[in-house]
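Visitor: Take a look at the letters that make up each chain.
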Amino acid sequence: GAGVSQSPSNKVTEKGKDVELRCDPISGHTALYWYRQRLGQGLEFLIYFQGNSAPDKSGLPSDRFSAERTGESVSTLTIQRTQQEDSAVYLCASSLDVGGNTEAFFGQGTRLTVV
Amino acid sequence: KQEVTQIPAALSVPEGENLVLNCSFTDSAIYNLQWFRQDPGKGLTSLLLIQSSQREQTSGRLNASLDKSSGRSTLYIAASQPGDSATYLCAVRGDTPLVFGKGTRLSVIA
Chain A
1 GAGVSQSPSN KVTEKGKDVE LRCDPISGHT ALYWYRQRLG QGLEFLIYFQ GNSAPDKSGL
61 PSDRFSAERT GESVSTLTIQ RTQQEDSAVY LCASSLDVGG NTEAFFGQGT RLTVV
Chain B
1 KQEVTQIPAA LSVPEGENLV LNCSFTDSAI YNLQWFRQDP GKGLTSLLLI QSSQREQTSG
61 RLNASLDKSS GRSTLYIAAS QPGDSATYLC AVRGDTPLVF GKGTRLSVIA
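Chains as they are written, first to last, in the working numbering: chain A, 1 to 115; chain B, 1 to 110.
Just so you know, these hints were derived from the structure itself, not from any lab. In this text the structure is predicted, and so the values were computed from the model without any measurement. Watch out, some of these pointers could steer you wrong.
[What the hints assert, rightly or not] In silico PhoX-like pairs for lysine-lysine, Cα to Cα no more than 25 angstroms straight-line: (1) A:11 with A:57; (2) A:57 with B:102; (3) B:68 with B:1; (4) B:42 with A:11; (5) A:17 with A:57; (6) B:42 with B:102; (7) B:1 with B:102; (8) A:57 with B:1; (9) B:68 with B:102.
[What the hints assert, rightly or not] Computed footprint of chain B on chain A; a stretch qualifies when at least three of its residues, placed anywhere within it, have a C-beta under 8 angstroms from a C-beta of chain B: (10) 36 to 46; (11) 103 to 109.
Note that CB positions come from ideal geometry on N, CA and C, so glycine has one too.
Can you build the whole structure from these sequences, using the hints too?
Guide: This is how it looks when you write it as structure tokens:
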């Protein structure tokens, strides 16, 4: 696609429910990142996928958070048993990561509100 | 652990002024540094990427410099316009994924 696409753009969920957030990276991009941005705060790294390598999960805040990526395509971030503190904008980015070209391009984000 | 700091946190300038935003990082072993713009409620737009071997990059009224050895980058905006009002973020890429600063919130007053 022309850019990184995220869906849904907005999600309101009840505390305790599970949610799935989707990211479609730019075609051909081998690297994919997830970040969280709480209101008025900076970007918090969650997880990084690079090709067929094991993902870097060092930023996931708890075992309620998980993410998958099939090959070099779509990624899904899952939050189980959502809490109000999970309310934030979840941003996805992808980059080519070939030949030193690591410029990252971001989607518009999913705004998650846990009520 | 890589840490990125941006100064100032907020800046307000009159239209037409030239301005400089600062970014510093603690680990100089980086592959590149990228500057982004974020408008309220929106995602991030890539402005400039500087490879570790480069000293600067230019795009229109924007010029970014990199001094890897001292762990510093600056983003220079010439002849600022109200449309430049946004939060500007720098991020560094090394062996770890992109690490971001907290940003500088810029307001350009007409």
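Visitor: Which hint numbers doesn't this structure obey?
Guide: none
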